Amino acid sequence: MVLDLTMSMAILALMGALATIAGCLEDLESDVGSQSNPNSQVQLAPQMNFLHRIYNKAISGEPISNGLSAVTGGIVTTVLLNAKFFPLLAIVVGAFIAAIIYGIFATTSYAGRVASQTRFKQPLYMDIMRYTTPSIIAHNFVVCFCLVAIAYIQYAVLGYPFTIPFLALIWGISVGAIGSSVGDVHYGGEREFQNREFGCGLNTALSGRIVRRAESGLRNSIDNVWFCAKFGGPATGIGLGLTVFFSSWPTTIWGYTWTAIGVGVFIVAIMAVMNRLVEIQVKNAYGPYKEDKTEKEAGA
Amino acid sequence: MSDIKEISPNTLALFGIIGGLIGIYLSPLYPPFTSTFGALGAICAVIWGAEAVRRVAKYGLGTGVPSIGQIAMGMGIIAAMFGLAIVKAMPLAGPIVSLITASVIGFIIGWFAQNVIKMKIPVMIRCMTEIAAAGALVIIGFSAAVAGSYDFTRSLIPLVFDNGVMLAVFWVGAMAMLHPFNACLGPDEKQKRLLYLAASTGAITMAIIGIAAVMTLGASGVITLLLGIILWLIFYKKFWDEVYKDAAAVVGTGLIPKTEA
Amino acid sequence: MVAIDPTMLMNIFLIGISGTLICIAVHFIPVGGAPAAMAQATGIGTGTVELAAGSGLVGLITSSYMYAYEPQASMALVMAAGAMGSAIMLASTMLAGGLIYAYGVAVPFASAQVKKDPITGQRQDTYVSKGTQGQGIPTICFVSGVVGAAFGGAGGGLIYFVLMGIYSPLISASAAAVAGVFTMGVFYVNSVIPSYGVGGTIEGIHDPKFRRVVPKDTITSFVVSLICGLVAVLIAGGMV
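Residue numbers (the numbering used here), protein chains in the order written: chain A, 1 to 300; chain B, 1 to 261; chain C, 1 to 240.
FYI, nobody ran anything at the bench for these hints, they're computed from the structure. Everything numeric in this text was worked out from a predicted model, so none of it was measured. Hints should not be assumed to be uniformly reliable.
Said to hold, decoys possible - Listed next, with one range per pair, are the computed distances between beta-carbon atoms:
id	chain 1	residue 1	chain 2	residue 2	range
1	B	W111	A	K230	46 to 52 Å
2	B	M90	C	D5	22 to 28 Å
3	B	Y59	A	T204	19 to 25 Å
4	A	W258	B	W111	39 to 45 Å
5	B	T253	A	W226	15 to 21 Å
6	C	P6	B	Y59	42 to 48 Å
7	A	A10	B	I18	55 to 61 Å
8	B	A93	A	W226	55 to 61 Å
9	A	V157	B	K258	57 to 63 Å
10	B	W111	C	G131	37 to 43 Å
Here a beta-carbon is modelled for each residue, glycine too, at the ideal position from N, C-alpha and C.
Excised from the complex, chain A in its bound form:
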């Protein structure tokens, strides 16, 4: 603890805000390029004779790809800081270079995956490539900026023992893990299969039969991000914001003691209870799908 309590709380709040923005934009970036698990359906669709106009950005899973961009941004920032640049400028330039490299990886995976689906006659649409890739780069720039900024604050202000690239990499992996656990469900479970029956899970028989028509015209990845920005993105942001804030909050207030650990356990318990409340509500709302045999007999 190098700062007084007010200042550390201010820093913590700033980090929480940056993390929230990063989480939100990370999820939207994975939707605009169609990445991670929901992308398995985009990959499967041509095989089911569902040719489509959706980007196929398979830069591995989100944690790894975001780790890539964050660590690249961290390295460039470190180099620029070493050359006595202003921190803000260094972070911006670092994030920009990282986002460009990320965009290059994105183009290779779209081209590579489509070229490997020749037998299903899936065409490679160059207009999709041209206007989706800049959008991916733009989203990733914001994510990378926020993550490297968090890493810079932790390294330079709070004095963490790890370097900027290391901290940026860890936050990149975390934002990817949260983004693919939270926001992707909105894209994969809802947006890709908007034509399924509401209030139940996706029948396995529907796998690969993604929705290909948009509110107007043929659906592309920009339409998907428009939809997911309403819920999936913000929820991811809340997920990462809570993580960054609450993982440091107990130790900031109570110091490095067992009390702080106890408070952490208490926070986790509250989250479990909240999850249970949501579970109860949603189970009552959509109800059981099949009656129990013994109950039926009893009713008769």
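Could you slot chains B and C onto chain A? The hints should help.
For chains B and C alone, kept in the frame of chain A given last:
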């Protein structure tokens, strides 16, 4: 798979090992100008590793392609640190000891995966060994390009570990190896396209390493950076040529072609 | 270097234990892989490796910070700090994910592996919708996930603690960087091995798969981590 002639795994393994070791051994000769060779050697190892990932990941691992790249670099980094640190009396032996250690760790994990976890992938042991060895060479090669030498305590710790460049080597190197197969995944995947892509991802990594080398080695880092960008342009272009040749159709825009569905 | 030294053996053993903790952690975390992202299976909709790594590394950040500012902190406290960071990360993820399942996709949470939730006692099988393997994150999965993440974070904190103890006297300023990188390597090896064991998806402690795969994954992980521990100690020999 296809009737097109593929380069055999043994040729690529030899190319990776010999190319990688030559690059690594050339890197400290006339510091700091020869450090670029370390990165070139690492690109050879990336191509080898990408091919090994391709062979094992074709079987479907249950957790996606990226996991194998991660475990490769996890093993690679442990083995590389060990090999370079243990031979303090004769630093020349370092890279070879690392290569052997990585192979042994890879073999053990592959053996356990095959016989204890029972993954039933016939090429598991061989590919795990190859991937771990390639991972170690990638890490040593790129580290040498940043530090100008592969001496663990005198060069690598102050120039690669302290400033966090190691993390970039670790992560971007893993991406360079696992991305080619992941990006070309599909029934009509072709080895030639994948190898061009592997060279291109390796070259991007080299460019990033070049940026880091500007900080540690000064002007000679610019050579690594520029050479990385030039190599990337060449192989990226070649990759796109293959895409134009292989894809069902490359169209500017258009409606979805009619199918039965 | 002394060949057999009790402290050294203890260090190797502790690294072996911490690798095993990470391996066990992966089994506790309810991961449904790609099907879960489409609300076709119970659990979190992502891969086992990255979720374990993502939460465990957040734990590494919290435990390393504690080690840096409380050098006298006991091993248990460093491990607990790591466990707390990881558990909070996974709890926030599952809570936010649950909101999407409930209000974005609109599916009731249900486990396909058990008839009744062992914690709440609520029926599960009747809530599994047609053509799926359960969906969402029911209470048992939530609790199991939090416990698992705590194991992972504790394991990461333990390796870091042990390695710092070995490397700090030798390379004082650089010890954190080397120990951090090594921890990351061990982390990835030990989170990928069990992922291959569970085949990408597991619901948590109540899943029958849990009992089937835990023993062999644990043995594999323990042996591999012991080798890593041996390597870590030998690296220190090269630093003198």
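Evaluation of the provided hints:
Between B/W111 and A/K230 the beta carbons are some 50 Å apart, a value that agrees with the proposed interval 46 to 52 Å. Taken as a hint, the range 22 to 28 Å holds for the pair B/M90 and C/D5, whose Cβ atoms sit roughly 25 Å apart. Evaluation of the 19 to 25 Å hint for B/Y59 and A/T204 yields a pass: the beta carbon distance comes to about 23 Å. One distance hint, 39 to 45 Å for the beta-carbon pair A/W258 and B/W111, holds here, with the actual separation near 43 Å.
Checked against the given bound of 15 to 21 Å, the beta carbons of B/T253 and A/W226, roughly 20 Å apart, stay inside it. The beta-carbon spacing between C/P6 and B/Y59, approximately 44 Å, falls within the hinted interval of 42 to 48 Å. Range check, A/A10 to B/I18: Cβ separation about 57 Å, and the 55 to 61 Å hint holds. Take B/A93 and A/W226: their Cβ atoms lie about 59 Å apart, and the range 55 to 61 Å holds.
Between A/V157 and B/K258 the CB atoms are about 60 Å apart, so this pair conforms to the stated range of 57 to 63 Å. Take B/W111 and C/G131: their Cβ atoms lie about 39 Å apart, and the range 37 to 43 Å holds.
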